[in-house]
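**Student:** Here the protein sequences come in this chain order: A and B. Be aware that the first sequence starts at 17, since it is given in the numbering used here, and climbs by one per residue. Be aware that the second sequence starts at 21, since it is given in the numbering used here, and climbs by one per residue.
Rather than coming from a laboratory, the hints here were simulated on the basis of the structure. Positions of the beta carbon are idealized from the N, C-alpha and C atoms, including for glycine. Hints are supplied without guarantee of correctness; some may be wrong.
[Unchecked claim] Output of the computed footprint for chain A on chain B, the stretches with three or more beta carbons under 8 angstroms from beta carbons of chain A:
(1) 78 to 86
(2) 173 to 182
(3) 274 to 285
[Said to hold, decoys possible] Quick partial rundown of chain A residues pointing at chain B, CB under 8 angstroms, derived from the structure:
(4) N90
(5) S273
(6) E410
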Amino acid sequence: MHRSFYKLLAGAAAIALSAPAASSQELTIFWAEWDPANYLQELVNEYEAETGVVVTVETTPWQDFQTKAFTEFNAKGSAYDMIVGDSQWLGSASEAGHYVDLTEFFATHNLTTVMAPATVKYYAEYPGNSGKYWAVPAEGDAVGWSYRKDWFEDPAEMAAFKEKYGYDLAVPQDWAQLIDIAEFFHRPDENRYGIAIYTDNSYDGLVMGVENALFSYGGNLGDYETYQVDGILNSEASIAGLEAYRKLYGFTPPGWSKTFFVENNQAITEGLAAMSMNYFAFFPALVNPATNPNADVTGFFANPKGPNGDQFAALGGQGISIVSYSENQEESFKFLEWFIKEETQKRWAELGGYTAHAATLESEEFRNATPYNEAFYQTMFMVKDFWAVPEYAELLTAANERIYPYIVGGEGTAKEVLDALTADWEETFRKYGRIQ
Amino acid sequence: MADVMTRLDPDTRAAARGLSDLSIRNLFIIPTIAFLIIFNVFPLIYSLATAFTDYRASTSAESNWVGLANFRELLSDPNIWRNFTITAKYVIISVTGQVFVGFGLAMLLNRPIPLKGLITTLLLLPMMMSPAVVGLFWKLLYDPSFGIINYFLGLGKFEWLADPQMALYAVAIVDIWMWSPFVMLLSLAGLSAVPKHLYEAAEIDRAGPFYTFFRITLPLVAPILMIAIIFRTMEAFKTFDHAYILSTQPTTELIAIRLYKMAFLEWQTGMSSAFAYIVLIVVVAITNIYVKYLNKAKAR
Numbered sequence: 017m018h019r020s021f022y023k024l025l026a027g028a029a030a031i032a033l034s035a036p037a038a039s040s041q042e043l044t045i046f047w048a049e050w051d052p053a054n055y056l057q058e059l060v061n062e063y064e065a066e067t068g069v070v071v072t073v074e075t076t077p078w079q080d081f082q083t084k085a086f087t088e089f090n091a092k093g094s095a096y097d098m099i100v101g102d103s104q105w106l107g108s109a110s111e112a113g114h115y116v117d118l119t120e121f122f123a124t125h126n127l128t129t130v131m132a133p134a135t136v137k138y139y140a141e142y143p144g145n146s147g148k149y150w151a152v153p154a155e156g157d158a159v160g161w162s163y164r165k166d167w168f169e170d171p172a173e174m175a176a177f178k179e180k181y182g183y184d185l186a187v188p189q190d191w192a193q194l195i196d197i198a199e200f201f202h203r204p205d206e207n208r209y210g211i212a213i214y215t216d217n218s219y220d221g222l223v224m225g226v227e228n229a230l231f232s233y234g235g236n237l238g239d240y241e242t243y244q245v246d247g248i249l250n251s252e253a254s255i256a257g258l259e260a261y262r263k264l265y266g267f268t269p270p271g272w273s274k275t276f277f278v279e280n281n282q283a284i285t286e287g288l289a290a291m292s293m294n295y296f297a298f299f300p301a302l303v304n305p306a307t308n309p310n311a312d313v314t315g316f317f318a319n320p321k322g323p324n325g326d327q328f329a330a331l332g333g334q335g336i337s338i339v340s341y342s343e344n345q346e347e348s349f350k351f352l353e354w355f356i357k358e359e360t361q362k363r364w365a366e367l368g369g370y371t372a373h374a375a376t377l378e379s380e381e382f383r384n385a386t387p388y389n390e391a392f393y394q395t396m397f398m399v400k401d402f403w404a405v406p407e408y409a410e411l412l413t414a415a416n417e418r419i420y421p422y423i424v425g426g427e428g429t430a431k432e433v434l435d436a437l438t439a440d441w442e443e444t445f446r447k448y449g450r451i452q
Numbered sequence: 021m022a023d024v025m026t027r028l029d030p031d032t033r034a035a036a037r038g039l040s041d042l043s044i045r046n047l048f049i050i051p052t053i054a055f056l057i058i059f060n061v062f063p064l065i066y067s068l069a070t071a072f073t074d075y076r077a078s079t080s081a082e083s084n085w086v087g088l089a090n091f092r093e094l095l096s097d098p099n100i101w102r103n104f105t106i107t108a109k110y111v112i113i114s115v116t117g118q119v120f121v122g123f124g125l126a127m128l129l130n131r132p133i134p135l136k137g138l139i140t141t142l143l144l145l146p147m148m149m150s151p152a153v154v155g156l157f158w159k160l161l162y163d164p165s166f167g168i169i170n171y172f173l174g175l176g177k178f179e180w181l182a183d184p185q186m187a188l189y190a191v192a193i194v195d196i197w198m199w200s201p202f203v204m205l206l207s208l209a210g211l212s213a214v215p216k217h218l219y220e221a222a223e224i225d226r227a228g229p230f231y232t233f234f235r236i237t238l239p240l241v242a243p244i245l246m247i248a249i250i251f252r253t254m255e256a257f258k259t260f261d262h263a264y265i266l267s268t269q270p271t272t273e274l275i276a277i278r279l280y281k282m283a284f285l286e287w288q289t290g291m292s293s294a295f296a297y298i299v300l301i302v303v304v305a306i307t308n309i310y311v312k313y314l315n316k317a318k319a320r
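Pulled out of the complex, with its shape left as it was, chain B reads as follows (with noise of 0.2 angstroms):
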């Protein structure tokens, strides 16, 4: 049977089998690109054609044609620029926090210990749980009155979200802890690459662990950090859920936050969709950076 199959023409073996590779090819192409285009593409095309007017989605008033005017208000209103001042220096706590912390993590996993498969599992828990889910339960951890962070500082009654100049931090200090895991985990992956013999070799040559760590690890695992940092930062620019929660303060308003107000409690739609082009262009911009430095990384 298996001779006779052989021996057909392409096309005929595929009817044999009921569908030929081009119709399974099809198959899965054409609605993923039907999917994409209809939810990505057009929404994309759409709310750029709204950025230059002055459309509300909540009344049936034709929208104008603004040209740049919502860009030029947006960029001239000195909220705004609060808005990303914030959420800049958001990325930096929270994005640093995380190499530091999840790197740090990962160097101690990647030595031999005890249950480190369970440790490893535990550790990742935090960026499996819904980022509202974590925004409630740190706002119980942070309450003055019965939560556990203060009874193990010993801060008493302080208000770590009523306080204008911690509350960022405060915020900063949850993305640090659900999203060191995902550091920890990429560095695990680039630490477990690094050729074995390169350490052997620094052990023969008396090399301290400052140089090894310098000389060895740290340039072997940067382009895998990189990449974390990319990932990370897109992420903590747009940060909006648990932030959401715990924000209180204007302080704590970050840029997620700010447009979200604009798009769906002011309705302002045009305004917002300009404002959302703007964050766009930022994150392109800095991930563009980012993109290139990890290239040099690579080359090195």
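Excised from the complex, chain A in its bound form (with noise of 0.2 angstroms):
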């Protein structure tokens, strides 16, 4: 009796400890601290209910995120199975062979079509047009812009700005317009000014709130497949898109010289200016009364046009990929296979998550659903993004040292600054051999 005893709960103790490890497999997804990664792992709950499977979101903050990453990957780490990396990361990442090749998962699901395709060439392909793919698009998001719509309402303001501009005063539809309102409402005595848009210079905050002026007037920072710089980054076009954004500097508010996502919704909530760029992922607090007063006279709108008519936005927002080193690749490509499902991008997006999913992002359902949701997908229609290439951060910390003093101290001429950082830019790439 006593020997069957210890016998049944030796069985006992080997039926419980081995069950969890057969039926439920861990999955950790690794992701910077904000708030669409908290959607995300209220979305892999549900996979959990469905598969037994245990996905964890582990994130880091923003500061750490880059540094954090590549050093797990650096040692070959095996603590993520997957990670929502930065777009600019894909050069580094998939030629170092951090990540796994996803070209045939992309195939057999038909992604190129079922994801919009901006978001697939900028998330998920490296280099450039090569037809490989490296991340399934997973949290869309571009530059875009909120405004007080009880300010450009006001029949007084509207009649002087009429009388002032001779159009109405409206939601931009070009930069000329959105210029022009910035300097209207820019009225220091009132302690209200006209714009707030990205300047600090410690990471891709200011050259990301640049590219849309530049990229909007018919610029580009160079050609992604020849690494031509030369005659396109300091181009007329790129030249008067720079131009335009120190324009706007000088219609921000005091002490505007470093800012970021975090003072640009504060230009909002706290009533400074009239219109404020910033990532469509922080519009969610712009229209919660409980983080913005002001929410329920909060507008949005995408990037406005060119002078040409060119009109696009900076890229943010980011790919999930699977990671080399995961112990847990199998069990990763199922998840994903289940992450790119109509119902679970539908599901994703009503969570708070920026799909990047086309049939969803067309849906009345989707845009209708958030005062912000219809300029985010008439914008992921129109992205571009910084240089993915594994130097990226050099041409970055260049474009920073470059462009900086140009907006915020006025030294020089926008054609001295990108003649500058063309030929630093070229400097680089002759560095790495990728023209002679």
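From these two lone chains plus the hints, build me the complex, please.
**Tutor:** Structure follows, in structure tokens:
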């Protein structure tokens, strides 16, 4: 009896220990600490309910995100099975072998058409136009604008604006109007300012902000296939775009020399500026009366057209990749199969995530779900991104060093800045053997 | 019992106590040495080896031996020289400011004043704060809209941190505010050690305050003041936290900030290791010059 009891106990213990290992696999997704990561955790809880696979979204503050991710990659660590990495990491992470090649997965699931084309191009494909894919577009994001509807719709303001500029005060249709409106509302004596834009040069804030002007004025950062920069980055169109951004800086609140997403939302919540640039991912806080006392009078619009009708916006957001060193790659593929399903993408959008799924984006249901979804939908079909090459950080540093003194300090001319930056970038590309 | 213990040989006595002196010494020394080797010596040697390669920590690619190429590239890069110039300017402003303010405060506190202890403690508070917090705190103080500094100085909407000429001074002011108490503390120790009879003799000889200060106080405090200058110079060269938070301009990009960007944003690991060694050599050279003066001051 005594021996039987121990045998029974040992058997029960063996079953108890082995059962979870066999049925409940665990997956870890690494992302930065922000609301979309919380929404993703909510979404993956539903995956656990369906499959028994426990998925944890592990987060770290944005400032540490890149350092922590690449330290883990370099150590070939298996702590993370998947990562929702920045689009500009595609080059360094894929060339270094940190990401699993998803080209076959893309073909099997026809993802190039299932997801919005621009998101596939910038969140997934590297090198440009190579047909090789490394990530599934996960959190679509781009830069858009919020504005004070009550200021715009005030009859006295409308009349004054019409008298001064000769056309109706409304959501700007192009960058010329954006500048006019910023100038019109710029009244330092009333502690009211025209516009809030990105100026933070610590990482990609300023450059992302400038891209909105540069791209919409018809400029580009270079040819992503040939790495030609001269004549493109310093073209007349790019110069005009940079000049426009500099003009906008003149209508920002005082102390706007190192501002990013936090300050730009504050510009609206504190009633400081008429219009404010920001990633769509930060707009939920602006429609929430608990975080924005002006929530009911805050409107949204997509980045306006340039003088020649070009309309683009700087891409934010991330794709989800499988880490090469993961010991659960097969299970990760299963998760991605679930993640790209239309119903999952709809649910992702309902929870607050910004889907890149074309059909979901185009649905009336999605476009009317929030005051900013329509602008987001329009934007996700006209996004452009920074270089995704492994040396993108060096290119970014040079861009910050050249552009910042011009935008904030008014040093030099736009042409001088872009000519110098062209030389810097060519030197970097030469150093890495991309051009001769 | 004590008598019995003294009659035993040392080893037996140690055994009776549980641990010998040698064991206790080893218990403390071996972990310390192991810690130093693992966390100081090994990284130092490893980073020196890395400085001669094109290693990038963001890739799995094999690193190649490039000899002195990293050093050559860095030393011929005008941007790096610009970073060094900015840092040298910052160190001079910051350390000079700290010496004047810190020594001045020490002179004031070296006389009988009410609530001396409380005042000294309050003055020490800045250096007890986290540099990152100090950076954020001063960012608010400098704010052109609601910052208290512009309000008191009547500067309107002056942008301290956005002005390319003023930004470096603004960062240095924060360092002066934070570390003057350190100089004050050391100076106070030096001042209190000056023999009182020297002042009494000077008074009898009718020496003026100027003469007393330059012939008695300063020479006697100089060695300890020099130690404060050495520490602060080394620290100022490495300034990162508050400068990174406050810095917006290329004109405030100190070498530590550039090094951080090179190593952790651009992932130029080999190059940044070489850069770190160049900085180390510069700091060691400057410190040696100071130490030479310190020895001279002590000899006097």
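**Student:** Please go over all the hints and tell whether each is borne out by the structure.
**Tutor:** Results for each hint:
Evaluation of the coverage hint for the stretch 78 to 86 of chain B: fulfilled, as 4 residues show C-beta separations to chain A shorter than 8 angstroms, against a requirement of three. For a cut-off of 8 angstroms, the count of residues in the stretch 173 to 182 of chain B with a CB near a CB of chain A stands at 4, and the three-residue condition holds. With 3 residues having a Cβ less than 8 angstroms from any Cβ of chain A, the stretch 274 to 285 of chain B passes the three-residue criterion, so the hint holds. The interface hint given for A/N90 is met, as the beta carbon of that residue sits about 5 angstroms from the closest beta carbon of chain B, less than 8 angstroms.
Interface hint at A/S273: satisfied, since its Cβ lies 3 angstroms from the closest Cβ of chain B, which is below the 8 angstroms cut-off. Of the supplied interface hints, the one on A/E410 holds, with its beta-carbon coming within about 5 angstroms of a beta-carbon of chain B, less than 8 angstroms.
In terms of the numbered hints stated before, the structure departs from none.
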